[in-house]
Every structure is written in structure tokens, then in C-alpha cells.
Amino acid sequence: MNTYGLGGKVAVITGGASGIGRACAHTLARSGADISIWDLDRGGLDLVIKELEDYDYRVHSAVVDVSDSAVVDAAMQDVLDTLGHVDIAVCNAGIGGAAASSADYTDEQWRQVTGVNLDGVFFTQRAAIRAMRHGGRGGSIINMASVLGSVGFASASAYTAAKHGVVGLTQVAAWECAADQIRINAVGPGFIRTPLLDDNLDQETLDVLAGQHALQRLGEAAEVAELVAWLASDGASFATGTFYPIDGGYLAR
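Just so you know, we're using this note's numbering here: the sequence shown kicks off at 1 and counts up by one.
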């Protein structure tokens, strides 16, 4: 079912081998887009590629460390060479990082988190803007922030700072790119049931987090992907420079 009318468009999705990125790949492909998925996990990429075969659209993949700008630029050029143009970029790759107080966070821990969660979004957004300007077709960039892009969270200083930064760079770039018909928005998921949570938190902690949402549950990756797909579509033609929480009421407390 071509839900969001993305036929003829090419979408780049970072962190596409699992979690929200994987869900975005499925939702955008189901809506007719050709897909380029980037991730560090080659095995995970191969599994998602196999899943996307059911949609009968072109699929491209690349092993990309988004914290390395040269690798990002080369991967974006490869998408252009292979698929012809870029219309949608979902800058989703991210890591949780160490849980420690701000006073105890090490330089290495700080740089690891901000290198992926902020630098990586900036590098991917920059490469996508350049590709979209070159193509002259306009486009939509969706940066994956978090509810922690607008509030704090103890023991997550680097993650929270990076997500606040993602919202800021989204707002700036939206103004800079409006004349090129490139829309740029940020999405702020609440706590979503993904491998990032499941691999790092025990069930008791997950239950506590679920209770901090008005809906009394964690979100699903597919629910976030629906918002991403709408922002990628022409139906969101007046949406740019905005932070869209999808958080089950987390921020309404």
C-alpha cells in the first residue's frame, strides 16, 4: 500500500539496520520510495535489504560511520551515482552512551556520544542539503532528536546536549534552505522499544520509564516511522523548522 505517496523519491536513512531506522526503511519503502540504508552493522543491513525485497523498489546500502564526514560525503555521492538523486534524508543514527553524572563523564565518553548524535546528524544533513541543491528537486530532511531535545535527564548529559543541538541545527538549516524548497524538521521520540533500550536496561527500569508516559507504555518504532513518513511527504509541505515530539504524553507532565 502506497500510504504516503513517495513514488519516484529516493530516501537515505542512517542507522537503518535496526530500531527506528529499520522501521523508517519499511514505511518509506511501503510508500513507494527507493531506499538507501546506512549503518555500521553489515549483517543488520543485509537482513533489512532482504526484508525490503518484498516492496519491489530499488534498495542501496552502505557501511557508514556518520561521525566521519569524509565517509558520509562519499556515501552520499555513491547514492547519487547509484540512485540518481536524493529527496529524503532521515538522520537517525544514534547511540545512548554511558550513564554517568556530568561531573564524572570522561572526555572520551562525551566525544563518542556527541560524535555520533550531533556531529553525525550535522554531517549527514550537510551532505543531504548539498545533494538536494545539486538535484534542484527540493527535499525533506528529518533529524532524529528525542524528548531529551527539550528537557533534561540525569546521567545523560552528552546525549541530552546532543539532542538539544540537533533541534537547534534543524531550526537554523530550515531557514537557510527554505528558498531551495528543502524542508528540515526534527522528530522527538519518547522512550521507544528498540534494541538501544532493550540491550541497556532491565525490565524493572523499562517499566518505570513506561510509567512516565501518559499512555503508560513505551512507544513502538513503527509509530515514529509514521511521523517520519508524513514529514517526508508532500502532505507536510508547510512543515519546516519544527520539533515534533512523538512521546505518548511524556512532555505533558
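Worth flagging that the hints you see were computed from the coordinates, not collected in a lab. Ideal placement from N, C-alpha and C gives every residue a C-beta, glycine not left out. Hints are not guaranteed to be accurate.
[Stated by the list, open to error] Label-pair ranges, simulated between beta-carbon atoms:
hint, residue 1, residue 2, range
1, Leu201, Thr82, 31 to 39 Å
2, Asp180, Asp207, 16 to 24 Å
3, Ser155, Gly8, 26 to 34 Å
4, Asp198, Asp73, 30 to 38 Å
5, Thr106, Glu226, 33 to 41 Å
6, Phe238, Leu47, 35 to 43 Å
7, Glu220, Lys50, 19 to 27 Å
8, Arg133, Ser155, 36 to 44 Å
9, Gly152, Glu204, 18 to 26 Å
10, Phe153, Glu53, 37 to 45 Å
11, Arg42, Leu206, 35 to 43 Å
12, Asp104, Asp81, 44 to 52 Å
13, Gly8, Val151, 23 to 31 Å
The hints, checked one at a time:
no., hint, verdict
1, Leu201 to Thr82: 31 to 39 Å, "holds (38 Å)"
2, Asp180 to Asp207: 16 to 24 Å, "violated (46 Å)"
3, Ser155 to Gly8: 26 to 34 Å, "violated (45 Å)"
4, Asp198 to Asp73: 30 to 38 Å, "holds (33 Å)"
5, Thr106 to Glu226: 33 to 41 Å, "holds (38 Å)"
6, Phe238 to Leu47: 35 to 43 Å, "holds (37 Å)"
7, Glu220 to Lys50: 19 to 27 Å, "holds (22 Å)"
8, Arg133 to Ser155: 36 to 44 Å, "holds (40 Å)"
9, Gly152 to Glu204: 18 to 26 Å, "holds (22 Å)"
10, Phe153 to Glu53: 37 to 45 Å, "holds (39 Å)"
11, Arg42 to Leu206: 35 to 43 Å, "violated (29 Å)"
12, Asp104 to Asp81: 44 to 52 Å, "holds (46 Å)"
13, Gly8 to Val151: 23 to 31 Å, "violated (39 Å)"
The structure is inconsistent with the numbered hints 2, 3, 11, 13, although it conforms to all the rest.
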